[in-house]
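Please construct the entire structure, taking both the sequences and the accompanying hints into account.
There are 2 protein chains.
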Amino acid sequence: MKMATVRALTISTLAIFSIGALAAAQDAPASVSPLFGVALPSGYRDWQVVSVAHEAGDLNDVRAILGNSIAMQAFRTGRRPFPDGTIIARLAWKYESSPRNDAIFGKAQSFVAGAPTNVQIEVKDSRRYAATGGWGYGQFVDGRADPSEALMKTCVTCHSKLPAPDDRIFTSYAP
Amino acid sequence: MKMATVRALTISTLAIFSIGALAAAQDAPASVSPLFGVALPSGYRDWQVVSVAHEAGDLNDVRAILGNSIAMQAFRTGRRPFPDGTIIARLAWKYESSPRNDAIFGKAQSFVAGAPTNVQIEVKDSRRYAATGGWGYGQFVDGRADPSEALMKTCVTCHSKLPAPDDRIFTSYAP
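First to last, the sequence lines map onto chains Y and A.
When you read off a place in the first sequence, starting at 1, and then add 141, the result is the number in the working numbering.
When you read off a place in the second sequence, starting at 1, and then add 141, the result is the number in the working numbering.
Calculated from the structure, these hints are not laboratory results.
Only true hints are included.
Copies of the same chain look alike in the list, so a pair counts if it fits in one copy or across any two.
With a Cα cut of at most 20 Å, we get these calculated SDA-like pairs of lysine to any residue:
no., residue 1, residue 2
1, Lys-302, Gln-261
2, Lys-302, Thr-273
3, Lys-294, Val-173
4, Lys-235, Pro-257
5, Lys-248, Phe-311
6, Lys-235, Gln-250
7, Lys-235, Ala-249
8, Lys-302, Pro-240
9, Lys-294, Val-282
10, Lys-235, Ser-313
11, Lys-235, Arg-285
12, Lys-235, Asn-201
13, Lys-294, Phe-311
14, Lys-235, Asn-259
15, Lys-248, Pro-304
As structure tokens, this is what we get:
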């Protein structure tokens, strides 16, 4: 093949890839978060546990905070700030009492996870997200990104209120 | 080497191994549970999450229920009874309010995991634990088995009160 032909084919291929990228960008509101472009990481449900928590009030959920392998190593060794590549997934479910369990224990004391509410993802990329302390955010319901820019701004507002040594992360490792 | 010599060496070796086994048995109260002989499985802290929960009352903990790969497959496919080899780990931590988080959110609503309380392990072995519905139990604090036989009996009592289709397991998979 002559060089000119190779070059023409390469340009055609690039053009096809660009059309593909454009199509993906048009889907952006469903697959990635606004402002940050954070996607739901594949396999996050299988990640290891950082900790668990309960938020009462309007949220009224019970939650698990999971981390990818970079996150887990940082949590376990106390490394701060978190290195680039850290991804933290906060899963939450409705906080529900369990009449079945309460009957067995003889006391009203058992609260369990009901239907899933949403999943929040935090990605550390100190260059891409330099303006927000190195963190990008996304919130997902049924696998789809919440399209609210205002919501994304509340992530930044609250996380930035944490003491500096926490590197904008609420959760500590639960041994 | 003559056969007699080989036999003598083999017997000596067996004797050494037996002494080792005896020493292990004497340590039993620390490494395995009474009645069931259940040990803390290596690597359980890295297992995947089945669900999370909060027990109020005297326990007052927040907890994560993790499963080995056999357990996770059964939880996710709804397979009951659980197959032999299923191991479920219930980790629990003190249920503590977070004044730091509450101050940031402007509401008293945030409850997080404090110090670890104990880890409970359930092992499915339909032959070994035939008398207790196929399940063996253990409770561990700082990696050491609780030596109380009475405690182990309470595991059986409560779990056996669950409806038969639950196969003596309180937790459902939280998607």
